[in-house]
Structure formats: structure tokens, C-alpha cells
Amino acid sequence: MAATLKGVLQGSLADNVKNSKILVVGAGGIGCEVLKDLVLTGFKTIEVIDLDTIDVSNLNRQFLFRKEHVKKSKSQVARESVLKFNPDVDIKAYHDSVMSPDYDVNFFKQFTLVLNALDNRAARNHVNRMCLAADIPLVESGTAGYLGQVTVIKKGLTECYECQPKPPQKTFPGCTIRNTPSEPIHCVVWAKHLFNQLFGEDDPDQDVSPDTEDPELTAEAGQSALQSEAKTDEIGGIERKSTRVWAMNTGYDPEKLFNKLFRDDIKYLLSMETLWKKRRPPQPLNMTQLPSDTDGNSSAIRDQRQWSVKECANVFSDCLGQLKKELATQGDGGMLVWDKDDETALDFVASVANIRAHIFGIAMKTRFDIKSMAGNIIPAIATTNAIIAGLIIMEAIKILSGKIKSCKTVYLNRVPNDRNRLLVPCTLDPPNPKCYVCAPKPEVTVVVNCTRFKVGALQDKVLKSYLGMVAPDVEIDDGKGTIIISSEEGETEENNDKFLSDFGIRNGTRLKCDDFLQVYSLVVTIAHVEKLEEEKEFEVVGDLSELQPQEEQQQAANGSKPHNGGDKADEKEEEDDLMLIEEEEFEEEQQRMEEETRTTRKRKASSETEPTTKRSKTAEAQAAAGDNDVIEIS
Amino acid sequence: MAETKGSGLDKNNKYDRQLRLWGDHGQSALEAARVCLINATATGTEILKNVILPGIGSFTIVDGHKVRGEDVGNNFFLLADSIGKSRAQVATELLGELNDDVTGNFVEESVETLLESNPDYFSTFSVVVAINLHEKALLQLGGVLWEKNIPLLVCRCYGFIGYLRLAVREHTIVESHPDSALEDLRLDRPFPGLQTFCDSLNMETMTKKEHGHTPWLVLLYKYVQEWKKTHDGQIPKNYKEKNMLKEMIRKGIRQNEEGVPELEENFDEAVTHVNSALVTTRIPSEVQALFDDPCCTNINSESKTFWILCRALHDFVHNEGNGDLPLRGTIPDMTSDSERYIQLQNVYREQAATDMTAIRNRVHALLQSLGRDEPVFVDPKPCGAVSDNEIKTFCRNAAFLRLVRCRSLAEEYGTNTVNKDELNMHLESEEGDDLLFYILLRGVDRFYDEYNRYPGRDNSDVEPDIPKLKTCLTKLLHDWGLSGTVKEDYIHEMCRYGASEVHSIASYMGGVVAQEVIKILTTQFVPINNTYVYNGFLQTSTTVQL
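Protein chains in written order, with full-length UniProt numbering: chain A, 1 to 634; chain B, 1 to 546.
Here chain A stands alone, though its shape is the one from the complex (with noise of 0.2 angstroms):
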């Protein structure tokens, strides 16, 4: 069919596209563009992989759903509407994660190239890995709003996925959400949590009750704290430990537990003094009387309106309902999943989160505003998706003509820059020598305090979440080979409760770790320190080359700063250049999105590229719907 192609695809080239095997992973919004883009240009064999099922809001863009495949399995919609116009073709599609160990490294193996069509960090990490693994070119790629981003990456070539270290996933100190919060997302952040708390699954990091290990609090005031928390216990009856328990004997009362968590919970609040020294205190409110509605701007429709505190309220009780009667449908020990696209979910999460907005003087949010904090919402349209999958084809294309020399990372601009182009096209890099992924020899520095770190906690939060790998095993490199982590399951889980110390892991001990899937060993040097800055519990550092080691040693046990996740302010002004994210669920922080659109992006000077232009947070504000003040990225 693609026979018109003939001279432009040139000798060998048509052949090498149609005999080779493509890889696409995610059907999404460039996924199903980039579906139809290999198929209408010759490509025949293409497996596609997605574990996600199709929504209402993908089908502003992703044009092979319609309405009668919602909830259906991406892949496999998206492989039978490709199918339905082009017969001809080999689609295998998987509804799957692509970090299911079913997908090995000879899995990979078998493809002539790999595109990636993710919308996630810890995915395309896991990607890159497998195809460095594997020795597969990647065509990575990313859109947000009108911004785009196209690259290629190969083994021992260009610098790889993780080769440059990303800003982390913005998170916040839990005594921020729970006793001090300053802004709506604190208080978006918390509600999420009740929300869990109240009827999803439990998790001891969500806690939504005042945390009375507060580090403001001096010794003194947190004794007083925990005094005056005995005394609340009894009077209100409160398991401080299950909020669920609590409220599940209540029934769920709404005006209970309304006066709970926004009265007494921040009657004691109040009660640690110290906090509200500098800080305006926060007032607590009761259930039965609440402010007079002054009634705004009532013609706005419902979801751009500023509700009241009043109708919050009434939103909450109404939800409360609700959610009770869907979490019973569920059976014993069922649990709800916070969805933002669930109507009754967003609203008790929009509704929860002004009342404590009010509580605590931060401006209040209308649920629009909301839905896009807290569903971490990046927007999404049609056109941004068609040029990057273009782009990402032309790329390919290069690739099979035994150019990827000539490849180049693309950035898609919003308008044409000063110097009238839109796309801004950039030689690739060569690896990071110094890449914790991608060196022949990868080694890292954990810092953390060894006597309060917990095996498991070194398990789920750095190996997992923060260095990517997905089934770890971990040896002591001690010479008596002792292993604290293993991927069998059952094998180490007795560890999990234990502290590194227990283990005789100290200042200094090297870890060796394995990811058996990704074909990626780690070695990981502990330095030990007492206390981290921001209550952070552990650190990263990365490219150890810019520290001199032994002085490094000395910052990290100082507690200074080390220059991987370091101060906020500091990052924001780093010029990094992370792929953009496609969109939706990230992390849990809205903020990350913002931190993902505000992307400065590296400058490069070769001869045929030009220096980058720099995006603003306001760019993207600015694109955001009106003059609404949402927060986007794109």
C-alpha cells in the first residue's frame, strides 16, 4: 500500500521498515497516533502494550476510542480500530505493565526498535533499562499541552533516559499536610489522604491526624502535645491509630466526624502553641454553625464556581453518604480507589480540602481547579500528539536507514521562538560516564541515618521508587555475602521491620544490588548521618565526580547539602531537560506537573541547533484555561 513511497524511503529503507518489529509501549494519546503512523507508512509487525482501559476524557484525542469501548482495554481497542482500516498488518497487543516480569530482556530482544508513548517516569525508566539491557535504540517522547519532546536513545551512544538526573517527585513534609499547611495543595494533598483514610487503602504515611513529632515542637511543647492527646482520646473516644475504625463505628456520621476533623482535631492543633508563634493560627469550625453563605458569582457553572464553606459542607455530608453505601457494596475489607474522574470521589476530596483551606486562611479552590491538583492533570490535545508521533515516525525512519548518528532531540515550542521555529532540534548527548543506569559500573551514595532507616523502607522508597528497579535483591558486601532484600518472595520479608544498624550496615557499607529483570546491578554506598535537612528521610546523590570523596563523606555526614535533591528554590532554577510527561496520574503532588512544565530545558550549541527557549511556569499558566490561575504543564 505504501508503494507511493517507494522513491522517498529510498533503496533498503522500504525493506528495512517493513520487515522489522516494532514495539510500541502505551496506546495513549501518542500511542494510538503513532499506531496509525506506522501502519500508513509501511510498517507490517507491531506489538503494542498498555495496562490501562479507555476514559471519557481520552477521547478528545485518542481518536481510535469512541464511547462504546470506555473501559475497555486500551491496546486491544486500539490494535482492532488500526486492524478495521488496515487488514494487512501483524498487531499483537497485550493489555498489560510493561514491568511485569513476562516482559524480559529477550522479550525485547526480538524488536527491531522500541517506541515509548508513556505517561510516567517510573515506566519509561523501566523502559530504558530493558532496551539498554536488551541493546534496542528507543525513541523516547512526550507531550504537555501545546509542548512536546522527541529523543533517541542507544546504548553506549547517547546519553540514556536517566543519564541526567530529573528534579524528584515533589513531595511534602507529612507535619506540612498535617499540622502547618500554607497552600491549597496542602490542604488538596491532605483531603486525598482522608480520603483514603476514610475508605481506601490504609497507608501509615497518610495519616491525617496533628503529628505531635513535629520537629518545630520543642521538647517541652511536644510533651504537652502528647499529654493533652491522652486527654482527647478519652473524652472524644478517638483511636488516634484508625481514623477508619472510628469512623466506620460512627456510621460515617457526617456531622461526627465534620466536627472531629475541624474542630477537635484543630482545637489541638492550637494546643501546640509553638506552631502558631509566626504562623496565623487556624480556626475550627462546628458542623452546625458554620459562616452565612455570601452568596458570589451563582450563575458560574457548578464546577468553576468558589463553592461556599457552607455548601462544602453539604457537598461532604452528601458525599459521605455515598461513598459509604459504594464502599459497602464492596464487602467486607473492600476499599474505594480515589479517582478523578469519579464525580462523587472529586467531590469530597474539593469539598474536604476548602473547608480546611478556610480552617487555615489559604485561598479556597473551585473543583476545577481542584480536579487538576489533585488528579495531577496535565492537559492534553489532539494536535500536540499528531506532530509529536510525526516526529517521532521521521525519527525511526532515521534509525532504519542507519542514521541514528544524525537523530536529534526535538523540542516542539508553544509559538515560533525569536528566531521563528517552532521546532527546535538538538544533536543527542553522549552517555553520562558518571549515569547511575548506564555506566559499565553504576554506583550511587544513599545517605541516611542507619539506626532509624528501615530495610523496608530502603527496599520500597529508594531501590523501587526512587532508583527504578522493580524486584531487587540486595547483598552486603561485607565478604560474608549476607543478603537483606531478595526478590523470592517470602525469603526477606522478616527484614522489612528491622533498621540498616541491625544489620551492621554503617557509614560506609557498600550494598550490592540487583534488579535480576532489568539486568542492572547497583552498587549502593550508605553514608550515615544523624538528621536530614526537611525531614527528609533519605538522599540521593548521584554524579559523585563533582564531590571530592572524602569531602563528600564529610558534607554528607555533616548534613550539608548534597547537590542531588538538595533546596527546592535551587531546583527551580536548574535547567534540566526531562522528558516531558504525556499526562495524567504521576505521583501524588500536583506539583510535580508543575515542575514537569516548568522545564527549563538544557541549552546545546552545535552548528545546526540553536539555543532552546527557556518555559516559564507563567507560559503555561498562562495557557491554562483563562485567566484561571491552574497550574499546568503541560
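Fair warning: there could be bad hints in the mix.
Covered stretches of chain B, going by a simulated chain A footprint (3 or more residues, C-beta under 8 angstroms) [what the hints assert, rightly or not]:
hint: 1; segment: 97-111
hint: 2; segment: 287-296
hint: 3; segment: 512-523
Keep in mind that the hints were calculated from the coordinates and are not lab data.
Ideal Cβ placement from N, Cα and C applies to all residues, glycine included.
Chain B: place on chain A using the hints.
The following block gives chain B in isolation, referenced to the frame of chain A:
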């Protein structure tokens, strides 16, 4: 406008991710739009796909061609069994499946015939997109649409090259969404409300908490007043003076009993904002140009609403505004207790509302003096009137108003009016200039006129066609009065393309052109003026005015 089949909420959900870019009013404008596509090639259907998905009102395909085998090979919206059928019809049916809220129509006629039989046909569209038109038909269509000020987008994908041309006589933009805009705070020329509010706060008598929670805007106001006293009433102008002001502010931080400065975040914020907040309030040059435009100075009963609003704005600036645009009325987030933050916010809002009312009265008076219908300040507005919301949006964006006037296709193609300086510059520039491909595209059109086919259409034609295309180019450049030549490699490349439409290029241009269509329909963001060339192999692109 198409009937909404789903519930309103459903539509909100479906369009959620784009409403965050262009808002409800942008969406309404899209939903009211009628888009015409001439020629349902791969590029054409890609463009339509990308405007149907976000929900335009309706589309119409004008195409006299029957589906051929090669169409099916690169066009997603044609099927193998549609060969021989009307391309307009098949594409309309398949594109229609993309979105229930969009109505699709088709006319199985060539644009040439339609222009002949019913030249007014195109006057009902909001925008027309033309793919692969030959010069004569293109200029004729361009003339008709120019007359009626209907935007025309001309698009073409040729081998690895993409080309886009916007031809619109006048396109006005209220919401241009500038990349970086400073806040409109008026610290250099405080309005009475701001003065009264700031003067009412006494830093000396404040409690410690109040002192540390006084908005930085107030602090900056106060220190600037202080500064003015010793500087002839002038605000700090340069780097050095601003640093001196920063020092003054730092000295205002309270100290504890031991003489150690307290941690007062609001003071830190005031220092940080000295550079960005302390700017001279002025009328941006783009807006001044609008004021000086004859459309603004000579309004009449036929004037577009935009120009009447511009005139009202102009008159406001020279009267109530005392030389300034209406206040935007928003302030950034800052450390403050909520009471005073809200008070300060209201101070700005109230002034903005006062300014808006003054402009509204002026609009009202202008419309009356022009004998137009009484304006009715309601939404949805009756025809001819200007709604309050419209005026509000206009006032809030007063500093960002933009105007695009393209050169016409007739000018671009006219031997005497061709932009030969620009073309010559690109002809003489070093290798890799995207605009060379514009010249080559004009060259292959010349080739088509002479041989009634495109160069290199058959693989065996490539070599023999090279000298022929070269001759065509020489004639073309001669007509333009240019002496340069295009390198042989480029000519060879162009012949090799054989007028084929590569799908990845069509996908790319489909995105770019659709984005311009959306900009035009929503009148948000500034469209490209006027020519855009993409080189798929180098992944480069350039915008120029031709």
C-alpha cells in the same frame, strides 16, 4: 451548531483536558465553528481529525476526486473497499465516527467547478483549509475569501516537506496568552484605592504577627513612597537604585530583643519582587499601534466589535484612565494573613471594576452614536450587541491585544509584489535553509503547469526530470528578478519525492495546521504569519512573511 447528544457533564468530562487550555468560551467558539476542507488527502483528513476530536461544530469536505489505491495507502480515513467511490463521501463518513457532537457534510465537486457555479458557496464558513490546490484555483479561492475576510489555510505535504500558508486580511486576538506577562500592580502610579489602603496600615504600631504578615505589595508601596521623598518623586529606575531600595526594605525587618532580625518572609518576598513588580506602567507598543490604526480612529456602523472596544479603550486611556490601560485587577499569591490579603485583592478588583464600567459606558455610547442596536448586557448576547463578559475579558487582556494582518496570496504571487528580498536572503543563505523548499515547491508547480504532471512521479522519471525542474526554477527566479540558483542536490531530492505524501509528515502537518485552525476559531493565541515550512528529515521548521 451541532446538537449535543451527551449530557453537559459528559461533554465537560470528554473535553476536560483541553478546557484547561482554552476555557469554556474557547470551547463554545469551537463548537460554533464551520470548517471547510478542500481535498481529503491524508494531510486533509489528519487536519480534520484533529479539529473534530476537540469538537468543532461542523465540517464540510469539498472534493471531486474518486478514491485511488494510493490514497488508501497513506490515508487512515479511507478503506481498501472505498476505491472508486467519492473521496469526499468516504472521508466524511469515517471522520464523522470520531465525534458524535460534530456534523459532517460533503460536496462531491472540485473547487474549480464550485467556484465557477457558486462562488458564494464558501462565504458561510468560519475557516477554509485547502490542500494541494493548483495556482489558478488557489488564487481565485484566495480572492473570494479575502474579500469576505474568511481565513484561508493553504497546506501541502510533499515528500519530507510540509508547507502551510495563512491568508487572512485581519485577525484580531483578545486573549493572546503571552508567554510571560508581568503583573499589573501600578506601584509606580498607585491609584487612589491602593494609596488609601496602604496608608491606612501603620507598620510601627503593628503586633509582631501583623508585621510579619503584611503583604509584600504593601511593603513595597510604602518603601517606594519613602524613596520618592528623597528622589524627586521618581521610583528607583536602574539596577543600582533598585538595590538601594532592597537595602531599605531589609532594614525594615523587625529585630528581637537581642538585635537579631526576625524571620519575616513577607520582607524577603518584597525584596525578591523589587525587580519584577517595580516597573513603569505603560501602553505596550502593540496596543499603541491598535490605537493608531485607521480602524480604531475611524469607527463606523460597520466596524467590528473588536475595533469599537479598542476605540472605547483608547478614549478611556485619554480620559478616566489618565494615560493608563484599565487595571487588570489580579494580584499574585503572597505571604499575608487572609484578611488583609482579601482586602488588598478587593482594592485591585474594585479599581478594575470601576475601569471596566467606564469602558462599558464608552462602548455603550459609541454603539449608540453609530446607530447600532442598544447594547444588551446579558449573556448570551443578541446579535450586534456587546456583552459584559466580552468587555470584561477585553479589559483584563487590554495589554495583550494583538492584530494579525497577512499579505494576500495575490500579493505573494504577483510579479511586482513578491517578497523578493526575503526570498533572496534565503536563496543566498548557507545550506539547510527551510525556505529553499518553498522556492522548490513553487518550482514544481511551474513544472506541473508545463508538463501536466509532477517531476519524478515515476521512479524512471527522476533523472530526466532534474534538468527540467532546474529550467522551471530558473524561469521562476528570473520572473522574480532574482539571479541566484538552487543547488542541484535539492532539485534531485525534490524529484525523488515525486509528489508523494508521506504519512508521518501528514501527521505532523495535520497537528500544526489544526492547531492554527483552533487558534483562529477560538481567537486565542497568535497564529503564524504567514508561511511555515517544515523539513522532516532535518526536523527543522521556519516561519516567514511572504
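Okay, the hints, checked on the actual structure:
1. 97-111: As far as the segment 97-111 of chain B goes, the hint holds, because 4 residues have Cβ atoms under 8 angstroms from chain A.
2. 287-296: violated (count 0)
3. 512-523: Answer holds; 4 residues pass the 8 angstroms Cβ test.
Violated hint: 2 only; the structure is consistent with all others.
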